[in-house]
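Engineer: Full structure from sequences and hints, please.
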Amino acid sequence: MNETDIQKLLQEANDCVPRLSFEEANNIIATANTLIIDVRETSEIEATGLIKNAINIPKSIIDANFDHSLIKNHLNNNEDVTILVYCAVGVRSALVGHKLIKNGYKKV
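Here the sequence shown is numbered in the numbering used here, starting from 11 and rising by one per residue.
Accuracy of the hints is not assured; some may be wrong.
Said to hold, decoys possible - Pair by pair, the computed Cβ-Cβ distance ranges are:
id, residue 1, residue 2, range
1, N63, T14, 36 to 46 Å
2, T14, G100, 16 to 26 Å
3, N12, N63, 37 to 47 Å
4, S31, N63, 12 to 22 Å
5, T14, H84, 27 to 37 Å
6, E89, T14, 29 to 39 Å
7, I39, N83, 14 to 24 Å
8, I38, E13, 28 to 38 Å
9, I71, I39, 18 to 28 Å
10, S70, P28, 34 to 44 Å
11, A40, Q17, 33 to 43 Å
In short, the hints are calculated from the structure, not lab data.
Just so it is clear, the structure is predicted and the values come from calculations on it, not from any experiment.
Here a beta-carbon is modelled for each residue, glycine too, at the ideal position from N, C-alpha and C.
Structural biologist: Structural data, given as structure tokens:
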């Protein structure tokens, strides 16, 4: 994949996955049934910690072997759960959010 392809993929992801401010994310967490997925690598989690009640599924794992059970096990068969995807800057979370939407998850 060349740089142009990567830029197109990132633009497509940014177009379909809403970016939230800290306040917007907190409001969703406070008012909706929410699953927070931290897609940072384990070394980043060890250095800075994990958001309270978040699960860590590194983007590298999702990219290497996307398996719906990685997500569905945490949804408890509840399709009404809002999924918030988090990373350090927003690039990985947008790409993973886009992958989730393309795989049928509606509330990302």
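Engineer: Take the hints in turn and mark each one as holding or not.
Structural biologist: Checked hints:
Between N63 and T14 the Cβ separation comes to about 38 Å, which falls inside the hinted range of 36 to 46 Å. Distance hint for T14 and G100: a CB-CB separation of about 20 Å, consistent with the stated range 16 to 26 Å. The hinted range of 37 to 47 Å is satisfied by N12 and N63, whose Cβ atoms lie roughly 39 Å apart. In this structure, S31 and N63 meet the distance hint of 12 to 22 Å, their C-beta atoms being roughly 19 Å apart.
Distance hint check for T14 and H84: the Cβ-Cβ separation is about 35 Å, which falls inside the suggested range of 27 to 37 Å. For E89 paired with T14, a C-beta distance near 36 Å keeps the hint of 29 to 39 Å intact. Checking the proposed 14 to 24 Å range against I39 and N83 shows it holds: the Cβ atoms sit about 20 Å from each other. Between I38 and E13 the beta carbons are some 33 Å apart, a value that agrees with the proposed interval 28 to 38 Å.
I71 and I39 have their C-beta atoms about 23 Å apart, which keeps the hinted 18 to 28 Å range intact. One distance hint, 34 to 44 Å for the beta-carbon pair S70 and P28, is violated here, with the actual separation near 24 Å. The given range of 33 to 43 Å is respected by A40 and Q17, whose C-beta atoms sit roughly 35 Å from each other.
Checked against the numbered hints given earlier, this structure breaks only hint 10.
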